[in-house]
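Colleague: Chain by chain, the residues run as shown.
2 protein chains.
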Amino acid sequence: MPVFTEHAAASRELRVLPSFAPPLPRLTSTTPQTDKYEVLIVGAGPAGLMMELLLARYGLSDDSLLCIDAKSTTLKSGQADGVQPRTLETLKSLGLADEILCEGCQMWQVAFWNPSEDKEKIIERTSIIPDVAAPSRYPFEVTIHQGRIERILETDLLRYSKRGVQRNTKLLDVRMDEDGDAEYPVVAEIETDGQTRTVRSKFLIGADGAHSVVRRKMGLKLEGESSDHIWGVVDLVVDTDFPDIRRRCAIHSPAGSVMVIPRERIATGEYLTRLYVQVPGDVAHGDDLDLASGTGTPVVDARARRSQVTEKTIFDNAAAAFAPYYIRPKSDGAVDWWAAYQIGQRVTDRFSVKDSRGINRVFIAGDACHTHSPKAGQGMNVSMMDSYNLAWKLAYFINGLTPDGPNDILDTYHQERHTIAQQLIEFDKAFSSMFSGKIGPAEDGVDGLTHDEFMEVFRRGNGFTSGCGVEYPENMTVDRSSTENPIRGTDFLSGILYPGRRLLNVRLVRHADGYRRDIQDDFTSTGRFRILCLTSSDLLDPTGISAQALKALSQTIARFPASLLEQVVVHPRLPRDFMWNDIPREVKQHSEMSFYSGYEMDDVYGIYGVDPEKGALAIVRPDGYIGVIASLADISRADRYLETLIRTVQVDL
Amino acid sequence: MPVFTEHAAASRELRVLPSFAPPLPRLTSTTPQTDKYEVLIVGAGPAGLMMELLLARYGLSDDSLLCIDAKSTTLKSGQADGVQPRTLETLKSLGLADEILCEGCQMWQVAFWNPSEDKEKIIERTSIIPDVAAPSRYPFEVTIHQGRIERILETDLLRYSKRGVQRNTKLLDVRMDEDGDAEYPVVAEIETDGQTRTVRSKFLIGADGAHSVVRRKMGLKLEGESSDHIWGVVDLVVDTDFPDIRRRCAIHSPAGSVMVIPRERIATGEYLTRLYVQVPGDVAHGDDLDLASGTGTPVVDARARRSQVTEKTIFDNAAAAFAPYYIRPKSDGAVDWWAAYQIGQRVTDRFSVKDSRGINRVFIAGDACHTHSPKAGQGMNVSMMDSYNLAWKLAYFINGLTPDGPNDILDTYHQERHTIAQQLIEFDKAFSSMFSGKIGPAEDGVDGLTHDEFMEVFRRGNGFTSGCGVEYPENMTVDRSSTENPIRGTDFLSGILYPGRRLLNVRLVRHADGYRRDIQDDFTSTGRFRILCLTSSDLLDPTGISAQALKALSQTIARFPASLLEQVVVHPRLPRDFMWNDIPREVKQHSEMSFYSGYEMDDVYGIYGVDPEKGALAIVRPDGYIGVIASLADISRADRYLETLIRTVQVDL
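The listed protein sequences derive, respectively, from chains A and B.
Here UniProt numbering is used: the first residue of the first sequence is 1, the next is one more, and so on.
Here UniProt numbering is used: the first residue of the second sequence is 1, the next is one more, and so on.
It is worth saying that the hints were derived from the structure and are not from the lab.
It is possible that some hints are incorrect.
No copy is singled out in the list; a pair is fine if it fits within one copy or between any two copies.
With a cut-off of at most 30 Å between alpha-carbon atoms, the simulated BS3-like pairs for lysine-lysine come out as follows [what the hints assert, rightly or not]:
no.	residue 1	residue 2
1	K162	K71
2	K71	K588
3	K162	K551
4	K330	K221
5	K551	K36
6	K71	K354
7	K588	K354
8	K221	K119
9	K312	K588
As the structure is a computational prediction, the values presented were derived from the model and not from experiment.
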């Protein structure tokens, strides 16, 4: 178009950049000091990177935050490959899901293969079911190289941090020394390229893996044991006539068990497959590597058996289990990676260590907390979610956003994540041992396992393994003490609101612009608490319960630091069409772009268990888990919950 | 998991990187030479960047490809903001849609405001309709800063090109000189920081905007004229009680016309709004800036009127049109950009220039080809789609993938895009003049415009403005000469297959893994032709028409350079469940990961107009437009179409 007069503001040109997450408000001050950091993170795997990224996005600068890793590059990393639905939701809330969704392998189905009664067929497909049964925004798992997840996290980190991860740096020792400096009581000796230095920090996160130095130095105990089964795992491009090679498969054949995990497409245009292959025979119970002490001394008998596992034995066992179908590497070089392992399930007894004043100062996260078998695809997920749970609590504490008082929000990290780690181990034990077992009648004194029993463990586990069924126990951030619960229903996995559960995604239509939108996109991971107000059908009545609640909530929002509370409002079907001036002005004031009809797409009230005649209110934590539920008549309940967690501010009235 | 034996291939570590598009095969050779390039692109706006990115992804290296731009940075750029549904599909096919979809403003609805019969109300909302009526994968427009689109394209470009755009470099002159070097006949004088040098190229693309030097130097003519209406445009954060400020609005008030374009959220957390405001009074016809000659001399009267347009006049006119609602900048600095312009509609007579052998050597794309009003949000889209149309044709020609012969695939660029440019101008004239007119009865001898008439222009235009209704005329890449058309129906906009139209997205379920998938994700912009085979319901019959067609297509695929033809197979509901070994082996051989059921999600056969009893076949061009349609009994028709466009190779049988 021919423009003849033009004027532009200087700020306009900044709009070409990707958006940045808004930092959290900060009420405390801090001064950069040499070799002192507010947070020191040890280890830059999925747990450590997620922790650093979140803290950087919440506003901690390179002066305040240091993450070290012993490795020299991001490339050499673990071999986890499964990304669960809840993890995908979390990555989406950080704007980091697209590459994973588009270029990972979406795993939609699982097929069960069992011995056939027809001896010529040997095995047959018993059923195909959805891989993810729990309702979720992303009803599938994704498999993708762990290193790629790490690269995605680190690329985003470098938008917020100039330093990123300080590599080639290992932790030698860590101890608590309050006498030297009570504000920075954690003392770490670290070594970079042979140079040792001492670094003090307010908090230290040990995300340093299964052999965690932090765990050992802080005297935390990894409890549990190895099972007696040996497995081989191999990633490769296969040539096979097995019909379900692109589905996740649980194959119980007379010759042994195999799990098939389809994986992502690679640069050649071909697709990877991962096989977990049972290596027959058992190692005696207790013959496990001593991971807790890190000495790794196996008992001789077990070592001998393990040393016999080679690429060839893994393939031979796989080929036997696939019979009568053939399976082989597609070409020379088609084998990408292989390893042998013994299943072990362990949990560390405590996830944090306090100073003498009772403040949690050292935390462990990820594999440092829990080890388990890889077959349910949990490792990378539980690790990242450990950090996702801790990061906002730590940022609130550091930024002075939590009130003074006897309660410590940092206690809730162990309370919540240790519970999850124990559930993980219990599920993994059940799943692994059934998977290692044989389907069919009892034989040689060993109990047989029916297909139905196996399916039942798989089904029950799905809420947990998808991450969507995680339920945190009651604690100061999860308040279930309601006397008057406005929510009907108990099927929390399907969306019924419940403190300690994540807010299920629903689709709704925005009033302001007709945008058909996912509610989770208003619950992004910017560290804010959200008020989710589901109004009653009296919204158009200026003296109704909804109008009163919205007015009271407006005062609630004003009582806490600016921007820390966001409000999302949903309305049920109303008696007539309306415009902004027909509803309480507080809706437009606080929620112009987060005000929705809750019936045009999904039946939001039905899914969340809310009576449209009565409405309801939920406070959602920064990590998307519901903190408390209240009726619209009882806003003070929400106030009390928030006051426990967030410092109030002076309000100019 | 405790791993005790491990082996990894070296290539494994590359898998952490984002995927790269596979380059096109190349049958010709080329040697890097100083100051000689296969393609020189002038201008790095949306058209130039899209061209460079596509050619780089198709495999042209920095030795072969040079893009220059006179500006020193990507930041200063145009003010277009609309991204249309078809453009979104195209960006998605390049893996570049996510940021735009998530951080742009999704515009779902348009509201029409007209004079009210109630004098106190002054204006009232007549209706709200969906902004995009055409079926599309993305049923909305997105508004976002043009500079951001450019930054996204350039970021991706830098994965494929080390140099990226060579900035601070302007084109001084361009001419054809076959005598000097017939292989590199295009001679360009370019200047970088005061240094002049001569560059030869095989092909040159003038993507250098409305004042194109390429166009002028090559003697191409911009035809058309300016209208008599003056408009102001302003981007700002508004404070208003107008209820539809977050919807696209066409406001026809007694005091004048305003168009409201909601825009993206900015760093402050606030949302931008764009207003197009009519400035009352007309400039005499023909009083336009002489863009063609570039001298820009306006007639005195028009200049005087234009100079009166200021930020204040724009706001005063806007405020008057919004009455009785108030509208004002939210705060100091809320005005982001403002400009005044006069609508002009022009098209260049020819989009390319041939050498003496009849080979097209110089092309123009984008604003160099067409200028028009900004209100339909077309500029950036048509410009990028010009390049999207030309790039694969040019790459095929350069790589020697086109057969020798009298036909020149490069002719089709002008044939197709000039047609679209003319349609654009015609729509824009109708839309702009109706928008500039008043709604209501005839007055002072000027014909009145009814709301229904306006809506009709808006509706009819939607297929075109969304980009989804684009229909290329018949040419060597669009073959409609079918004697036996297997397609029923004529509602091409709604998906009925038709040569020259883009393949509408449908959702289907993949056989191999149950992935619920968008068909367009198998039609990515990697420069490949695709065979879309919709089998008939006799697929399970080894001697049926489907089996015969698939066998013949397998031979077709082998006759062209490896990887250049991809096959997507869809089946209708079949008489029974099946596994791979129940269907022709060619399906798994060529389409293991692109074989779908076409009835479990969308009714693919119904949408595409294909009889499930008979099936059908379409060849889809690399840019997603259908080239030819054939019945399953007539594969030779597809063969003939492909042979016209692609060189065949020796087949070892």
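Colleague: Run every hint past the structure and note whether it holds.
Modeller: Going down the list of hints, with the structure as the test:
In this assembly of identical chains, the alpha carbons of K162 and K71 lie at most 30 Å apart whether taken from the same copy (19 Å) or from different copies (28 Å). With identical chains, the CA atoms of K71 and K588 are never at most 30 Å apart, being 51 Å at best within one copy and 42 Å at best between copies. Neither within a single protomer nor between protomers do K162 and K551 lie at most 30 Å apart by alpha-carbon distance, with minima of 43 Å and 57 Å respectively. Taking identical chains as interchangeable, the C-alpha atoms of K330 and K221 are never at most 30 Å apart, the minima being 45 Å within one chain and 58 Å between chains.
For the identical chains of this complex, K551 and K36 are neighbours neither inside a copy (45 Å) nor across copies (70 Å), given an alpha-carbon limit of 30 Å. In this assembly of identical chains, K71 and K354 lie within 30 Å of each other by CA distance solely inside one copy; the values are 29 Å within and 58 Å between copies. For a Cα distance limit of 30 Å, the shortest separation of K588 from K354 qualifies neither inside one copy, at 45 Å, nor across copies, at 60 Å. In the homo-oligomer, the alpha carbons of K221 and K119 never lie at most 30 Å apart, since the shortest distance is 50 Å inside one protomer and 80 Å across protomers.
Taking the closest pair of Cα atoms, K312 and K588 come within 30 Å of each other only across two copies (28 Å); inside a single copy the shortest separation is 67 Å, beyond that limit.
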